[in-house]
Amino acid sequence: MSKKIGDVILDVKNISLSFGGVKALTDISFNVREHEVRAIIGPNGAGKSSMLNCINGVYTPQQGSITFRGKTFSHMDSHQVAVMGIGRTFQNLALFKGMSVIDNIMTGRNLKIKSNLLWQALRIGPAQREEEMHREAVEHIIDFLEIQAYRKTPVGQLPYGLQKRVDLGRALAMEPQVLLLDEPMAGMNVEEKQDMCRFVLDVNQEFGTTVVLIEHDMGVVMDISDRVVVLDYGKKIGDGTPDEVRNNEDVISAYLGTSH
Amino acid sequence: MQTTFPRLLLNHAAQRPLEPAMREKEYGIWQALSWADLAALVERLSCGLHQAGLRRGEHMVVLGANRPRLYATMLAAQSLGAVPIPLYQDAAAQECVFPINDAEVCFAFAEDQEQVDKLLEIRAQCPQLSNIYFDDPRGLRNYDEPGLVAVDALEASGKMFAAAHVNFYKTEVSQVKPDDVGAMFFTSGTTGNPKGVVHTHNSLLNRARAGADFDKLTHTEEVLAYLPPAWIGQNIFSYAQWLACGYVVNCPESAATVTIDLKEVGPTYYFAPPRVFEGLLTSVMIRMEDAGAIKRGMFHYFMRVAQRVGPAKMDGKPVSFTDGVLYALGNVLVYGPLRNNLGMSRVRVAYTAGEAIGPDLFSFYRSIGINLKQLYGSTETAVFVCLQPDNEARADTVGVPIAGVEIKVADNGEILVKSPGLLKEYYKNPTATAEVLTADGWYHTSDAGFLDAHGHLKIIDRVKDVGRIKGGANDGAMFAPKYVENKLKFFPHIKEVVAYGDGREKVCVMINIDFDAVGNWAERRNLPYAGYTDLAQKPEVYQLIKECVEKVNADLSVDTLLAGSQVSRFLVLHKELDADDGELTRTNKVRRGFIAEKYKALVDALYEGRTSQFIETTVKFEDGRTGSVSATLKIDDAKTFAPVKAAA
Chain R
1 MSKKIGDVIL DVKNISLSFG GVKALTDISF NVREHEVRAI IGPNGAGKSS MLNCINGVYT
61 PQQGSITFRG KTFSHMDSHQ VAVMGIGRTF QNLALFKGMS VIDNIMTGRN LKIKSNLLWQ
121 ALRIGPAQRE EEMHREAVEH IIDFLEIQAY RKTPVGQLPY GLQKRVDLGR ALAMEPQVLL
181 LDEPMAGMNV EEKQDMCRFV LDVNQEFGTT VVLIEHDMGV VMDISDRVVV LDYGKKIGDG
241 TPDEVRNNED VISAYLGTSH
Chain E
1 MQTTFPRLLL NHAAQRPLEP AMREKEYGIW QALSWADLAA LVERLSCGLH QAGLRRGEHM
61 VVLGANRPRL YATMLAAQSL GAVPIPLYQD AAAQECVFPI NDAEVCFAFA EDQEQVDKLL
121 EIRAQCPQLS NIYFDDPRGL RNYDEPGLVA VDALEASGKM FAAAHVNFYK TEVSQVKPDD
181 VGAMFFTSGT TGNPKGVVHT HNSLLNRARA GADFDKLTHT EEVLAYLPPA WIGQNIFSYA
241 QWLACGYVVN CPESAATVTI DLKEVGPTYY FAPPRVFEGL LTSVMIRMED AGAIKRGMFH
301 YFMRVAQRVG PAKMDGKPVS FTDGVLYALG NVLVYGPLRN NLGMSRVRVA YTAGEAIGPD
361 LFSFYRSIGI NLKQLYGSTE TAVFVCLQPD NEARADTVGV PIAGVEIKVA DNGEILVKSP
421 GLLKEYYKNP TATAEVLTAD GWYHTSDAGF LDAHGHLKII DRVKDVGRIK GGANDGAMFA
481 PKYVENKLKF FPHIKEVVAY GDGREKVCVM INIDFDAVGN WAERRNLPYA GYTDLAQKPE
541 VYQLIKECVE KVNADLSVDT LLAGSQVSRF LVLHKELDAD DGELTRTNKV RRGFIAEKYK
601 ALVDALYEGR TSQFIETTVK FEDGRTGSVS ATLKIDDAKT FAPVKAAA
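Those protein sequences? They're chains R and E, same order as listed. Numbering-wise (the numbering used here), the first sequence opens with residue 1 and increments by one. Numbering-wise (the numbering used here), the second sequence opens with residue 1 and increments by one.
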């Protein structure tokens, strides 16, 4: 298998973030190349989610800059991030539980919908054609994620593993160039994890989407990522290919456990 | 008139080019493929395969779920005089090695990445497998394997070939004769290697036609193709009869959406093994228990009406005026909505086969107005041997021999069949062929049975399992273990049964309770229990099981042949029989011989008249550890009934 990894698309430089006296991130720098699967790992409280939240514009770092496609920002604006083509999923699912799978994924098309609210409410003319077009895009995602059997099921009734898939589907609906996945395999059984791995790799390979993911399961990370960043107590302690990281002394003692 | 699969395709394409041949649900919408489009697709694939080197008489494996392009590929191979071999899509890679090598297969059609991976995995063992065509390209983008080609590319190359050789396809089709081999099906042997059952175009299409005539099927039928295409039943229902009648075959979106698709399509002709019908009934019952009091009351009241009136109505017998009115009311309020919910509103003919179906289950469907019937046949007979006529469907018979079939019962009770649908041979296996297909043209089914007074075939058991009672009051009476076991298993409280009696003076059985059903039963009676072993040995449970056994005995006593198979003594086992412990086969059939050895103490106790017996058994847990269970099992006697001699 071969795929083309391109130039740096997202460059994080010297990011520091603190909440009062708590230093969540200290001077973190790493970059993400186009079409790669980049993992961020680290023990609980290492600052992984905070890092994603900085990229995503949820948190504003006190120091540092983020460069996306040649544009440098001292802080990101969530809306702007989405418009630029960065999508994300959440560790603690943020789906609309009472809405069907189709409707949930449809919300991911929000940014792509051009017709105004009135036209949409009346569902006439161009608004209807546009809705059909978006529905088609949603159907392709449903097909891709193999959730055809649950199209009309309210998301709250689905098992956790499937909700995660819907969450990924909604992020895919905005056709992101970079996809941030916050613990996509957390709380899943082995079979669900395998499925999710395959979807992540398929997204990466079929659509060329760059993937940045946070993950706890070392087996998963080592198998599917091209490069790994390791955080510990808000500091970067390792960066490189899975093999390099696996042999990094600091990483071994901090995360994988030291052999005495 | 004898014909071939590709000729039928061309006929339909000529006569009604724009009507739908198949539908497939994709991206949420049912997409139709017309007969003309299908014929054009088959022509392109056929030309592509010819160009790639597929020749007359060669085999091509097709591996995947029911999809239009899988069917088109089978037709394309048949158009060239090649022989498609459908394999089970859920088979493990290693299971595909034998068929592929046995039939010297060089060409394969694979539905998707999963199937391609399987074929690539065994490629070292099957070096001749040169061409693999895949339908769904997902995940295969970066595969760089020699001979791995997309069906799209095959179609494109075929299109160019067809343009350059305008009459090639028609000439090829005209050269395929009805007596040429049309398809091969591998039967999963319980022992040894599978056997390739060779069928000609005519043997399959003749039976397809006979079945269609029997049920007056037309081109207006709708069928949902959801069982594996490698199974001959699916192949007859959605391929041979599809081409014979020209109806519409609908391919479900995925295996998980079958129940949804069933409702959307509303098939008129439907087939399912008993376990599917059982699953549907269970889901209805569970939802009914959760429904509001009014709905539930209405359901139970009208189901009682249906049980009383429905079967008679289905059999075309007259019913009283009040019953007629009540049933009509029930039809509006309960049966109609229920049929709709099951996706069976439009079912004209439904069949079940493969294993015995419980009488209650069978009559449930018939009583709510679904024309469910049974049939008898096998891979070797191209399915249709016996079918139940519309008004004569019974739970314990499998119908009458249909047009073209002759049936004879051999001296040992084995059913022999003569029919135009018999297999040509087992592929490269003359010994096995000679065993089942004797020179006088009879096929030996290895099923024991007889034709009853109404000319209906009744299957009792496998010939090799049928034994004789020796000594005692019923000396020399026939003993059919599976028949007795099945009768007991039809009770929801009984999960598994092992019956003994061959060469002994009476019949004794060991029973496994169904933990869910009996557990639920006990809870509703406020009967406390500590677990499976404890529940199994409760006196109340013994009483419950005893009633079941005695009902079976009463039933058997009126059976002229099997009155001697009544159960004299029984015990309830302390653990569930399990395939992990070698007590069941992987397809959940009891291994009587093995169990008799393992539980020798129990079998002896049954026959020595003891009232209880201590037993300790080792069990294997799912994680591979072993442990042991021990219990003192009670043994109880059951009432038997004097045989009722038939008045005639």
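Quick caveat, the hints were computed from the structure, so don't treat them as lab data. The structure displayed is predicted, hence computed values, not measured ones. Take the hints with a grain of salt, since some may be wrong.
Claimed, not checked - Incomplete in silico selection of chain E near chain R, CB under 8 Å: (1) S157; (2) F161; (3) T257; (4) I260.
C-beta atoms are modelled at their ideal positions from N, C-alpha and C, and glycine is treated no differently.
Unmet hints by their number, sorted upward, for this structure: Per hint list: 1, 2 violated.
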